[in-house]
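The whole structure should be built from the sequences, with the hints applied where relevant.
In order, the protein sequence lines correspond to chains P and B. Last residue of the first sequence: 291 (the numbering used here), numbering continuous. Last residue of the second sequence: 327 (the numbering used here), numbering continuous.
Heads up, some of the hints might be wrong.
What the hints assert, rightly or not - Here are the computed distance ranges between Cβ atoms for each label pair:
id, chain 1, residue 1, chain 2, residue 2, range
1, B, ARG13, P, ASP288, 43 to 49 Å
2, P, LEU25, B, ARG66, 18 to 24 Å
3, B, ASP129, P, GLY206, 19 to 25 Å
As the list claims (entries may be wrong) - A few chain P residues that face chain B, going by a derived Cβ cut-off under 7 Å, partial list only:
id, residue
4, TRP21
5, ALA51
6, PRO52
7, ASP184
8, ALA188
9, SER192
10, GLY195
11, HIS203
12, ASN207
13, PRO211
Stated by the list, open to error - Not close to chain P: a few residues of chain B, all C-beta gaps over 12 Å, as computed:
id, residue
14, GLU37
15, LYS64
16, ILE97
17, ALA173
18, ASP189
19, GLY256
20, THR276
21, PRO287
22, PRO293
These are calculated hints, taken from the structure and not from any lab test. C-beta: ideal position from N, C-alpha, C; glycine also.
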Amino acid sequence: MPERAQEILRSPGYWVTVWRRFLRDPVALLAALVVLGLILMAVFAPWIAPQDPFQGMSLQRLKPPGTEGYPLGTDELGRDMLSRLIHGARISLFMGIVPVLCALAIGAAIGVVAGYSGGWTNTLLMRTVDVFFAFPSVLLAVALAGALGPGLFNGLIALTLVFIPPIARVAESVTTGVRTRDYVEAAKASGAGALLIIRKHVLGNVLGPIFVYAMSLIAVSMILAAGLSFLGLGVKPPQPDWGLMLNTLRTAMYTQPLLCALPGVMIFITSIAFNLMTDGLRSAMDIKT
Amino acid sequence: MTGSILEIRDLRVAFTGAAKPVRAVDGVDLALVPGEVVALLGESGSGKSVTLRSILRLHPENKTRIEGSIVAAGIDVMALSGAALADFRGKTVSMIFQEPMLALDPVYTLGAQITEAIRKHESGVSADAARKRALGLFERVRIPSPERRLDSYPHELSGGMRQRAMIALALACNPKVLLADEPTTALDATVQVQILLLLRELQRELDLAMIFVTHDIGVGVEVADRIAVMYAGRIVEIGAVRDVIRAPRHPYTIGLLSTRAQGGRLSGKRLPTITGSPPDLASLPPGCAFAPRCSSATSACLEAAPAAVELGHGHAVRCIHTAAVA
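Shown next, in the form of structure tokens:
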């Protein structure tokens, strides 16, 4: 059966293999679908949401979930919870993803340069990064956001600065591991210059693990952003944001406990979905070696 | 020697990273003519791989002190730097590594890695032309279904196929000198023979000069024209394969050859060993490095490093007792 043999011999390529392995992991696949759903929900929020998230009815305050016309109840100003949760996904996802991407660009650059250069450059860069590592991430984010003043943009900067050190640290350790590999020496032995080696052989081997690590930080970033909003350092009212909603609803904790847990439930679902998806991606990418 | 494609003179390599510099290579002279294969034989830490890597200047510059001269195809290797050095590597002299799984980049296909090397050295070559050449190379090293294998990743191939791909990569830019760093050590015995035969065949066809580093005497005999035995960073005996194997003159070579299992003849008996262990390269004695382990050592051996004694036909030995040992 020569045709059959050919079919078996044909190598599908790295990313195709990763994709197939990912599809075979039901938990990761489910998590990925949840993440996809959340992203779609955020993008199409104005069309999905049944009501205006800013318009409150003072007569309909703090209704429990299941009330006529308000499937998830209303908040302390009589605004529809479902609509606010849907709109809240926008800011929460934004604050989860964007700071991590910014930190990925900066942190990976620092880490790869430090890891590839070694010696003094490495010591200088990494010890500077370690200084920031000394602070607990929540404290650092709160301090930075406090110093910069409240607001979405300042919160973004604060979170970016928080995530640069761990990403740089991971990038540095992966790069140091790759630098001493035989294939880097082999590339050198066949005439590749330092730039070509960094661009192709170091980045090619390093970006995958760094990216997966950064993905796992998205959930952390979301929770930190929610925390900043909760403390009044992030998003300002009346913007719908899960962290901020958690803050404003806490006064109703004893009268409507179910209602004030809802934003927390969203944060929980989102972060666990991101984490499980990242986990699946990590094991799917772990083919070679 | 005139007409040599590679000439190493008084090469000394010391690693200065530690508290005391480690003299890994301590005065190596070696010359190859085109089409000649020299096997560098020695145990771990004898300086054979260090010598090989020095030819491509692969040692980290800030932690290594290299002295002596290396001239390859008329190019003074020690004077090269930057772009000229990168251009020299792979084009004039290229190298085959011990473990192809580690020496091939896992995230690129074999074809991509070979075309990268070709296009790095010959800027005018189109991607298509480079791929055609890679295909030709795969056929040359006899990889089955080469077209498909070009799109394979290193982890998808068996050890022997990977080493064939590594050889194809090393030959991609038509080098004049090939350096092989124990290319068969990581392979199993049956594949070893195939790779050796392939290397020998390609080397003859392309008229390559080759330095073949190994610690396996059998492999050295199989593949080489001349054998150079290294001990503690020096070549202690060099000569044509038959001279060195049939009439070894240095006590270390004699010891090495007697430690080989000789078929069934010695079955049931213990193999002879060379007593003692190799010297600490950070504090070498002033005299012959092998003297502490040598049965015929005298007090004269401990005074100065012995000079090479020429025995004719290019057979040279670094031992002051050469006449007596014979």
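Would you check whether the claim that B:GLY256 is not at the interface survives, using Cβ distances to chain P and the 12 Å cut-off?
holds (32 Å)
Restraint satisfaction for P:ASP184 [CB to CB of chain B, less than 7 Å]:
holds (4 Å)
Run the C-beta distances from B:PRO287 to all of chain P and say if the shortest one exceeds 12 Å.
holds (34 Å)
Separation of B:ILE97 from chain P, once the least beta-carbon distance is taken, above 12 Å:
violated (9 Å)
Status of the hint placing P:HIS203 at chain B (closest C-beta pair under 7 Å)
Result: holds, 5 Å to nearest chain B Cβ.
Please check whether the beta-carbon of B:ALA173 is more than 12 Å away from every beta-carbon in chain P.
violated (8 Å)
That 19 to 25 Å hint for B:ASP129 and P:GLY206 (C-beta), does it hold up?
At roughly 23 Å between Cβ atoms, P:GLY206 and B:ASP129 fall inside 19 to 25 Å, so the hint holds.
Under the criterion of a CB-CB separation shorter than 7 Å, is P:ASN207 in contact with chain B as hinted?
Holds - the Cβ of P:ASN207 comes within 7 Å of chain B, reaching about 6 Å at its closest.
A range of 18 to 24 Å was offered for this pair. Does it hold for the Cβ distance of P:LEU25 and B:ARG66?
With Cβ atoms ~55 Å apart, the hint is violated.
B:GLU37 remote from chain P - nearest C-beta pair above 12 Å:
holds (21 Å)
Holds or violated: P:TRP21 as interface residue toward chain B, Cβ cutoff 7 Å?
Result: violated, 15 Å to nearest chain B Cβ.
Taking the shortest Cβ-to-Cβ distance between B:ASP189 and chain P, state whether it exceeds 12 Å.
Its Cβ never comes within 12 Å of chain P, the nearest being 20 Å, so this holds.
Of the hints listed earlier, those the structure fails to meet are numbers 2, 4, 5, 6, 13, 15, 16, 17, in rising order.
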